[in-house]
Amino acid sequence: MNYRRSYFIVTCLAFGFAFLYVPILSMVVFSFNASKLVTVWDAANSPTLKWYYSLLHNEEILDAAWISLKVAVINASGAVILGTLAGFGLARFSQFRGRFTLNAMTTAPLVMPEVITGLSLLLLFVALEQLIGWPAGRGLTTMTIAHMTFSMAYVTVVVQSRMATFDTALEEAAMDLGALPVKVFFVITLPIIFPAILSGWLLAFTLSWDDLVISSFTSGPGSSTLPMVVFSKVRLGVSPEINVLATITIAVVTMMIVGVSFWLSRAARSEKAAD
Amino acid sequence: MKSLRSLSKIGVSGRGLVVTLPYLWLLLFFVVPFVIVLKISFSDIDLAIPPYKPLIEWIGKNSLAIKVNLNNYAFLFTDPLYLHALLNSIKVAFISTLLCLVIGYPIAYGIARSASTTRNVLLLLVVLPFWTSLLLRVYAWIGLLKANGVINNVLIWLGIIHEPLTMLYTPFAMYIGIVYSYLPFLILPLYANLEKMDWQLLEAAEDLGCRPWQAFYKITLPLSRNGILAGSMLVFIPAVGEFVIPALLGGPNALMIGRVLWDEFFSNRAWPVASAVAILLLVLLVPFMMWYQSVQARETAGAR
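Those sequence lines, one after another, are chains E and H.
Per the working numbering, the very first residue in the first sequence carries number 1; after that it's consecutive.
Per the working numbering, the very first residue in the second sequence carries number 276; after that it's consecutive.
Everything labelled a hint here was simulated from the structure, so no lab data went into it.
In this text, all values refer to a predicted model and were calculated from it rather than measured experimentally.
Among the clues, some could well be false.
Claimed, not checked - Coverage of chain E stretches by chain H, computed from C-beta distances (three or more under 8 Å per stretch; other residues unrestricted):
#1 36 to 48
#2 59 to 70
#3 235 to 249
Said to hold, decoys possible - Sample of chain E residues at the chain H side, in silico, Cβ under 8 Å:
#4 L102
#5 P113
#6 L212
Said to hold, decoys possible - Restraint ranges, calculated between C-beta atoms of paired labels, are given here:
#7 D538/H <-> V73/E: 30 to 38 Å
#8 N395/H <-> I248/E: 22 to 30 Å
#9 P497/H <-> Y21/E: 29 to 37 Å
#10 L483/H <-> I248/E: 49 to 57 Å
#11 T575/H <-> L49/E: 48 to 56 Å
#12 S161/E <-> I334/H: 52 to 60 Å
#13 R573/H <-> G220/E: 42 to 50 Å
#14 P191/E <-> K328/H: 54 to 62 Å
Using N, Cα and C, we set each Cβ at its ideal position, and we do this for glycine too.
Please build the complete structure, drawing on both the sequences and the hints.
Dropping the structure here:
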């Protein structure tokens with residue numbers, strides 16, 4: 001490739017990444033600050049882990065984190081099943097009744113403003129309760145259903161795009177050798193698209209773990225999630241404990257993403273080597 | 276495609292089984308709710324639980340009354356607050372999308388033209404903030420922008436300013452928050468589009484005497500049209516209804532329609548008015564969503 005790297009592009013990249021990362025790094029740095037003023041560095045007593053200690057003893061945050069974790073895990077597992085089915089169907093069946101509708105229904109949640117999704121789901125739950133008595137009140141169940149509805153759309157996109165790029169010859173060969181479609185799916189297709197399903201699961205988990213707006217609409221008393229607690233704290237201004245929470249989140253996410261991409265690139269290399 | 280033919284041997288029942296579950300799920304939890312929102316937007320406000328009156332009522336023996344109440348919509352169009360909020364949201368979302376394009380295009384372009392090892396690292400760096408909580412990343416800007424925040428402290432320390440600047444709770448802060456949060460959504464589709472570009476076209480243009488900027492304007496820009504459109508829609512549509520960022524960074528005067536809806540619902544308990552706002556917003560955004568879907572369809576068709 002005969003491409004002269006232009007200084008303009010390099011400068012843009014440098015500024016762009018600085019823009020993306022300075023806020024994140026500032027939270028990490030100030031999580032070790034002793035001062036309650038958060039952004040005023042207390043050089044005498046810093047760095048300190050005291051806010052880490054106080055976060056880990058904050059019952060309200062720990063309870064909320066436990067609720068968020070439960071919702072996120074159930075949501076991700078459900079969304080992966082629904083999204084894989086939808087993504088598989090959309091990628092492999094070029095024509096079926098309702099294809100257009102299914103495609104539209106899996107694209108729209110990606111861009112739908114959260115306030116609309118949240119409000120509409122809450123009104124559905126209220127109407128259902130009046131009509132058939134289920135769900136009785138709002139809480140973990142309604143919140144999980146709401147999360148699954150928007151996260152499955154993301155899983156669908158991930159699975160669908162993976163399906164579109166892989167060689168169908170293996171599936172055909174298996175079918176020519178007499179394997180039933182269900183067996184072909186579990187023995188051939190599923191292992192090949194597994195990385196996409198894993199990314200889909202992680203994506204669905206994160207979306208649920210981070211969601212504030214849809215959770216606020218669909219949760220009930222006593223089921224405040226972590227983002228809801230954080231939001232009510234942050235509205236009152238900066239808090240050193242939130243910086244700690246951010247730092248822990250960033251550390252976990254970074255390890256997870258780097259780990260998964262390392263694992264995926266190794267898997268891709270060994271696949272290439274096997275060819 | 277042979278696989279399609281062999282798969283089609285399963286017949287409609289097999290396909291039906293695969294897609295029925297997600298189809299029904301989305302129908303019940305994504306489409307039906309909008310019908311209910313529409314219905315409630317025509318109801319009266321009531322001091323009850325839930326706080327709206329039924330649309331259909333039995334009045335006396337064997338008679339059914341359907342009361343369609345247009346007051347909520349009339350209210351939206353008479354009180355200037357709502358239209359003002361709607362127009363302001365469109366303006367904010369539009370300007371934010373342009374800013375994202377100006378900042379994101381060179382980044383996506385730079386990544387697409389890097390060597391493949393650097394490219395993966397850079398892509399990872401773009402995706403990483405997206406995986407970290409949006410709420411926490413918006414929160415980070417409070418610490419940077421507030422009166423005794425990081426930016427003011429640094430500028431005072433450098434002697435550039437003597438009094439802290441008021442940045443938090445201004446439109447400026449809101450734009451920063453939106454651009455910052457939505458930038459990855461623009462970079463990724465644009466990168467995916469630019470990655471497929473045949474760069475030899477640019478070399479050919481240069482050999483024929485085209486200046487780099489001219490080549491960019493005449494070749495790269497038109498060819499990346501779908502990427503630009505897809506990325507812009509992913510920023511514009513959700514940004515119009517954004518709630519968290521104006522609520523945290525924009526201050527009390529940041530009038531955005533998502534915030535108005537939230538307040539109608541949570542503070543005023545005016546569910547019918549909130550529903551009418553949602554319908555209004557939806558009517559405005561559906562054309563853009565359909566546009567996005569057709570752009571996406573063109574992109575996937577082009578990829579094959």
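Hints, verified against the model:
Here's how the stretch 36 to 48 of chain E fares: 4 of its residues keep a CB closer than 8 Å to some CB of chain H, so the rule of at least three is met and the hint holds. A count of 0 residues in the stretch 59 to 70 of chain E with a Cβ less than 8 Å from any Cβ of chain H is obtained; the coverage claim is therefore unmet, three being the minimum. Check result for the stretch 235 to 249 of chain E against chain H: holds, 8 residues qualifying (beta carbon to beta carbon below 8 Å, three or more required). Because the closest C-beta pair between L102/E and chain H is about 5 Å apart, less than 8 Å, the hint holds.
For P113/E, the suggested interface contact is upheld, since its CB lies about 2 Å from the closest CB of chain H, less than 8 Å. The closest approach between the C-beta of L212/E and any C-beta of chain H is roughly 6 Å, which is under the 8 Å cut-off, so the hint is satisfied. Under the hint 30 to 38 Å, the C-beta atoms of D538/H and V73/E, about 33 Å apart, fit the expected range. Range check, N395/H to I248/E: Cβ separation about 26 Å, and the 22 to 30 Å hint holds.
Judged by the Cβ atoms, the range 29 to 37 Å given for P497/H and Y21/E holds: they are separated by roughly 32 Å. Take L483/H and I248/E: their Cβ atoms lie about 56 Å apart, and the range 49 to 57 Å holds. Checking the proposed 48 to 56 Å range against T575/H and L49/E shows it holds: the Cβ atoms sit about 49 Å from each other. Range check, S161/E to I334/H: about 55 Å between beta-carbon atoms, so the 52 to 60 Å window is met.
Checking the proposed 42 to 50 Å range against R573/H and G220/E shows it holds: the Cβ atoms sit about 43 Å from each other. P191/E and K328/H have their C-beta atoms about 55 Å apart, which keeps the hinted 54 to 62 Å range intact.
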